[in-house]
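**Student:** Spelled out from the first residue to the last, the chains are:
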Amino acid sequence: MCGIFGYTGSDANPHILIEGIKRLEYRGYDSWGVCVACDDQLSLLRRVGRIGAADSAEIELGGRGCRSGIAHTRWATHGAPTEINAHPHTDCTGRIAVIHNGIIENHSALRSTLQAQGHRFASETDTEVIPHLIEEFLKSEQDFSAAFLGAMKLLVGAYGIAALYAGEPGAIFVARHGSPIVLGLGKDRTLVASDPAPLVAHTREVIYLDDGEAAILHGDGFETKTLEGAPVSKSVQQIAFSLPDIERGGFPHFMLKEISEQPESIHNAYRGRIVRAEGTAKLGGVDEALLRSVKHCHIVACGTSWHAGLIGKYLLEGLARIPTQVTFGSEFRYAHPVLEPDTLVVAISQSGETVDTLAGVREAKLMGAETIGICNVVGSSIARECGKGIYIHAGPEIGVASTKAFTSQLVVLSLLAVHLGRMRGMSLRAGLLFLDALERLPQQAEELLTQKDRISDIAGRYAAFQDFLFIGRLFEYPTALEGALKLKEISYIHAEGVQAAEMKHGPIALIEPDVPTVVLAAQAEIRDKMMGNMNEIRARSGKIIAVAQEGDTEIAGLAEETIFLPRTLDPLVPILAVIPLQMFAYFVAVARGCDVDKPRNLAKSVTVE
Amino acid sequence: MDRQIVLFEDHLLGDMNPVALTRPAFAVTCACMTLHEIAAEAGGAEPAWVARGYLGKLIARQFRGGPPGDGPKLFLNASIVPDVRYMEKFRELASHGEPFVATAGGRVSAAFLPAEVSVPRPLTPENITPWLLELKLPLLEEELFRTFDHQFEVVKYLEPLFAANIAHRIGRGSYREVRPGVHAAEDVSIADTAVFHTRSGPVVLERGVEVRDFAYFEGPVHVGARSRVTERASLKEHVCVGETCKIGGEVEASIIESFTNKQHHGFLGHSWVGSWVNMGAGTSNSDLKNTYGEVRLEFPHRRVDTGLQFLGCIIGDYAKSAINTSIFTGKIIGVSSMLYGFVGTNVPSFCNYARSFGQITECPADQAVLIQKRMFERRGIRQTAEDAELLKAVFDLTRSERLITDEPPAL
Numbered sequence: 001m002c003g004i005f006g007y008t009g010s011d012a013n014p015h016i017l018i019e020g021i022k023r024l025e026y027r028g029y030d031s032w033g034v035c036v037a038c039d040d041q042l043s044l045l046r047r048v049g050r051i052g053a054a055d056s057a058e059i060e061l062g063g064r065g066c067r068s069g070i071a072h073t074r075w076a077t078h079g080a081p082t083e084i085n086a087h088p089h090t091d092c093t094g095r096i097a098v099i100h101n102g103i104i105e106n107h108s109a110l111r112s113t114l115q116a117q118g119h120r121f122a123s124e125t126d127t128e129v130i131p132h133l134i135e136e137f138l139k140s141e142q143d144f145s146a147a148f149l150g151a152m153k154l155l156v157g158a159y160g161i162a163a164l165y166a167g168e169p170g171a172i173f174v175a176r177h178g179s180p181i182v183l184g185l186g187k188d189r190t191l192v193a194s195d196p197a198p199l200v201a202h203t204r205e206v207i208y209l210d211d212g213e214a215a216i217l218h219g220d221g222f223e224t225k226t227l228e229g230a231p232v233s234k235s236v237q238q239i240a241f242s243l244p245d246i247e248r249g250g251f252p253h254f255m256l257k258e259i260s261e262q263p264e265s266i267h268n269a270y271r272g273r274i275v276r277a278e279g280t281a282k283l284g285g286v287d288e289a290l291l292r293s294v295k296h297c298h299i300v301a302c303g304t305s306w307h308a309g310l311i312g313k314y315l316l317e318g319l320a321r322i323p324t325q326v327t328f329g330s331e332f333r334y335a336h337p338v339l340e341p342d343t344l345v346v347a348i349s350q351s352g353e354t355v356d357t358l359a360g361v362r363e364a365k366l367m368g369a370e371t372i373g374i375c376n377v378v379g380s381s382i383a384r385e386c387g388k389g390i391y392i393h394a395g396p397e398i399g400v401a402s403t404k405a406f407t408s409q410l411v412v413l414s415l416l417a418v419h420l421g422r423m424r425g426m427s428l429r430a431g432l433l434f435l436d437a438l439e440r441l442p443q444q445a446e447e448l449l450t451q452k453d454r455i456s457d458i459a460g461r462y463a464a465f466q467d468f469l470f471i472g473r474l475f476e477y478p479t480a481l482e483g484a485l486k487l488k489e490i491s492y493i494h495a496e497g498v499q500a501a502e503m504k505h506g507p508i509a510l511i512e513p514d515v516p517t518v519v520l521a522a523q524a525e526i527r528d529k530m531m532g533n534m535n536e537i538r539a540r541s542g543k544i545i546a547v548a549q550e551g552d553t554e555i556a557g558l559a560e561e562t563i564f565l566p567r568t569l570d571p572l573v574p575i576l577a578v579i580p581l582q583m584f585a586y587f588v589a590v591a592r593g594c595d596v597d598k599p600r601n602l603a604k605s606v607t608v609e
Numbered sequence: 001m002d003r004q005i006v007l008f009e010d011h012l013l014g015d016m017n018p019v020a021l022t023r024p025a026f027a028v029t030c031a032c033m034t035l036h037e038i039a040a041e042a043g044g045a046e047p048a049w050v051a052r053g054y055l056g057k058l059i060a061r062q063f064r065g066g067p068p069g070d071g072p073k074l075f076l077n078a079s080i081v082p083d084v085r086y087m088e089k090f091r092e093l094a095s096h097g098e099p100f101v102a103t104a105g106g107r108v109s110a111a112f113l114p115a116e117v118s119v120p121r122p123l124t125p126e127n128i129t130p131w132l133l134e135l136k137l138p139l140l141e142e143e144l145f146r147t148f149d150h151q152f153e154v155v156k157y158l159e160p161l162f163a164a165n166i167a168h169r170i171g172r173g174s175y176r177e178v179r180p181g182v183h184a185a186e187d188v189s190i191a192d193t194a195v196f197h198t199r200s201g202p203v204v205l206e207r208g209v210e211v212r213d214f215a216y217f218e219g220p221v222h223v224g225a226r227s228r229v230t231e232r233a234s235l236k237e238h239v240c241v242g243e244t245c246k247i248g249g250e251v252e253a254s255i256i257e258s259f260t261n262k263q264h265h266g267f268l269g270h271s272w273v274g275s276w277v278n279m280g281a282g283t284s285n286s287d288l289k290n291t292y293g294e295v296r297l298e299f300p301h302r303r304v305d306t307g308l309q310f311l312g313c314i315i316g317d318y319a320k321s322a323i324n325t326s327i328f329t330g331k332i333i334g335v336s337s338m339l340y341g342f343v344g345t346n347v348p349s350f351c352n353y354a355r356s357f358g359q360i361t362e363c364p365a366d367q368a369v370l371i372q373k374r375m376f377e378r379r380g381i382r383q384t385a386e387d388a389e390l391l392k393a394v395f396d397l398t399r400s401e402r403l404i405t406d407e408p409p410a411l
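Protein sequence lines correspond, in order, to chains P and Y.
Mapping the first sequence onto my numbering, position 381 (from 1) lands on 381, and the numbers just tick up by one.
Mapping the second sequence onto my numbering, position 407 (from 1) lands on 407, and the numbers just tick up by one.
Hints are supplied without guarantee of correctness; some may be wrong.
In silico BS3-like cross-links for lysine-lysine, where the CA-CA straight-line distance does not exceed 30 angstroms [unchecked claim]:
| # | chain 1 | residue 1 | chain 2 | residue 2 |
| --- | --- | --- | --- | --- |
| 1 | P | Lys22 | P | Lys313 |
| 2 | P | Lys153 | Y | Lys246 |
| 3 | Y | Lys136 | P | Lys282 |
| 4 | P | Lys257 | P | Lys234 |
| 5 | P | Lys529 | P | Lys504 |
| 6 | P | Lys22 | P | Lys234 |
Simulated from the structure, these hints should not be mistaken for laboratory data.
Using the sequences plus the hints, can you model the full thing?
**Tutor:** Below, the structure written as structure tokens:
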């Protein structure tokens, strides 16, 4: 997730552009850049770090009479946060500059083709193919607009794009497919941005582009068209939100915003990584020879990522038949772990800075093991230390309670497991079925989010309880741990995750009318066993909130409340099941008046032991 | 039937070497049938095919179906085992007309495409599976067909397929039952002293077969047209011999493709022998380990468990063995190689293999082409440029197998 901003009109100076992307910094903040078009040439500035840290005296760019400019704040997906990888990116001539939000899935193929045609690339980004592609089209097209649209049609993936061309310095060329684009209509200026936040300083009149649409902006107006070039009529809307509201996408808290982003973040985690033609996944950051040689896995993580790791164990053992252990980052160094030859150590951390996990990675490397990281933040310490890894592409996660990063980690672990499985005898059919189910998850997550009001009602009824149990088996056991963690970290309610079969070895003694149990019972394989647990709880007058497969009336008949999940394969159940648990925790915390985004005693990234 | 059957090779044929190195996978014989025969009979027409480029020119002479045309098509993987019991299923899938894709293990085994789906040109073994999967056709739950995934499976499937396949041959052919369970086509000559046991299965002798004195048969056995079974030969249970072969000595549960000579004494068991092979007198193979354990194939970086207690050898086309060659259990002999003495390891294609005498050298492609010409002439066949080109192409393809260094070459 990145932020893009563009301005065309009189006095397109870099300070306006920088103010614009400052409003978008919550969308990404590892590097930034601006470009202005004046006097038949482009002037470019790119920097690493937050925009707020920039010395304004340094930002002197272009001259007087600049007529348009674009700016970008980056959340790295392809290539580390460096000046070379920061946007805007330019073509070989330096006359075309492009900023981009999204992921270009076919960038490798396009890059190879363009390189064969003589184009020289400077960065590691997927974005850089775009200006070169436009440059190539410009050799045969009549005008820049046609070249721009021609290039857009070859892109596969998600994009919101804005481009400048030195030959038309008063224009900004914009296109959207899968990533948001908003146009702002000012009195003597026209603007473009990833969302309305940077536009409100200039206008409250906006136009939302739809997928497959493009626009050409001038200081005194704009035209919108399809990517095929047909004119499109768009309606103008008024921005009705305050600035903080806009930054949170209209949501009252970042946590709810991030919960609601999961259909997109789940999609982004597998976008461009599914190779249907082979019934497997493609994981660019990890070399194939390494994966072929793996005989054991050892997952190192903390907190929510540790829960993802526990599910990863079931995935790797079930799909790929690779024996897998999961260890807390804090214990890895001190537990004297036994690493068999050909053990792959997998470090999972949203921020990539979790100090205990980082220490585990270093210890594993000292022991001679191969390490890979599963991180959200590109270029983070764990990503760098591992040298190899898979980014989850969830976009910035600002709420302290991790939500979308968890589901994205599970998607990536699923891809890793299916890829390793296909290398080890998993049938093509099993691979295809798994990937098909994975590709249904974004839509299914969307369906789950429509239950928000109902889950809010349930949360309201249970917000006064002081103790909760969350129980599940197999894939739903770590999901239960995660549901309990969410509840305790933001609502300060005591909640315990328990493996359901272990209830009778102790925790069932806690069951009483004032201790409700959240029962996860959506997996087909162990559904009947979970019904046994539910009957045991009911016999002791315990209240039950069940999470079950849609249409499972038998489970619903045993529970006070039931939240239904769309049907999926058992290994993918956690990705859906955790979403109502996140919502439940959120609404309980809100009902109790807790500070959801900044819970007491907690920090987003744990960088101390 | 207006629905065309297309037999397609895919990109996963590497483990079928050397069986499918010199012939399309649909032309591999197992249990006296090929998939091509079965598909042709099911479809009532020559099936179209998609095969590796280097085979194209040569096989176009023999298999006239050519590349797939327009209209609805049933795609069948060329590696599907030639089981006549699949014939009805082929017909049902073709006539039903519902789009689907079916898998077998790690590969696409079949798919049906309606007429409106246009076929990419060219369609190749490399692009056909990705294309079929990207179409996102409904994925069938059941794995409809078994496929040959490794060369040794040609031997593995011999027994399970034999009874149905040979019964089908008898049913559709015009044979006379010359002795109980012995079915002979025209111009077959059988010595009076030949002995046939058919309690376990029939013996089928195709047109022009000659059975000489004291030959012993224990069915099921199938002998292809114009082949000769020499004096005192013993063919025992699940043997199928191609056309124009000479067979002597003891043969058990084995497949011998056309134009191969194994006319002297010596044992051949649980093996597949390609075309234009000559086995010198006394050549024998082992098909059982002294431990009576499972036979395991050894390759440089991996071992393949076959699940078989009995497995002899796999011998590629044009290979030759000298007198008294002894081939150890479960060995793979490449195309155009020449064997001397003990064969205790796999043998790459185009090798002079005299390991027990300390000599392993490369057999140049030109020499193989010259030998091919001489062999063809003995059978009255004119060597064409395509025949020679095939050998040269296979020589290039198998270059990496041959490590002519201090180390013995190995597959």
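**Student:** Does Lys504(P) lie within 30 angstroms of Lys529(P) when you go C-alpha to C-alpha?
**Tutor:** The given pair, whose Cα atoms are some 13 angstroms apart, holds under the 30 angstroms limit.
**Student:** What's the verdict on Lys22(P) and Lys234(P), does the C-alpha distance respect the 30 angstroms limit or exceed it?
**Tutor:** Since the Cα atoms of Lys22(P) and Lys234(P) sit roughly 28 angstroms apart, the hinted pair holds (cutoff 30 angstroms).
**Student:** Within a Cα-Cα threshold of 30 angstroms, do Lys257(P) and Lys234(P) meet the stated pairing?
**Tutor:** holds, 27 angstroms
**Student:** Would the pair Lys22(P) and Lys313(P) pass a check requiring their Cα atoms to be no farther apart than 30 angstroms?
**Tutor:** Roughly 41 angstroms between the alpha carbons, so the hint for Lys22(P) and Lys313(P) is violated.
**Student:** For the pair we were handed, Lys136(Y) and Lys282(P), check the Cα-Cα distance against 30 angstroms.
**Tutor:** holds, 19 angstroms
**Student:** Are the Cα positions of Lys153(P) and Lys246(Y) separated by 30 angstroms at most?
**Tutor:** Violated: Lys153(P) and Lys246(Y) sit about 64 angstroms apart, past 30 angstroms.
The structure is inconsistent with the numbered hints 1, 2, although it conforms to all the rest.
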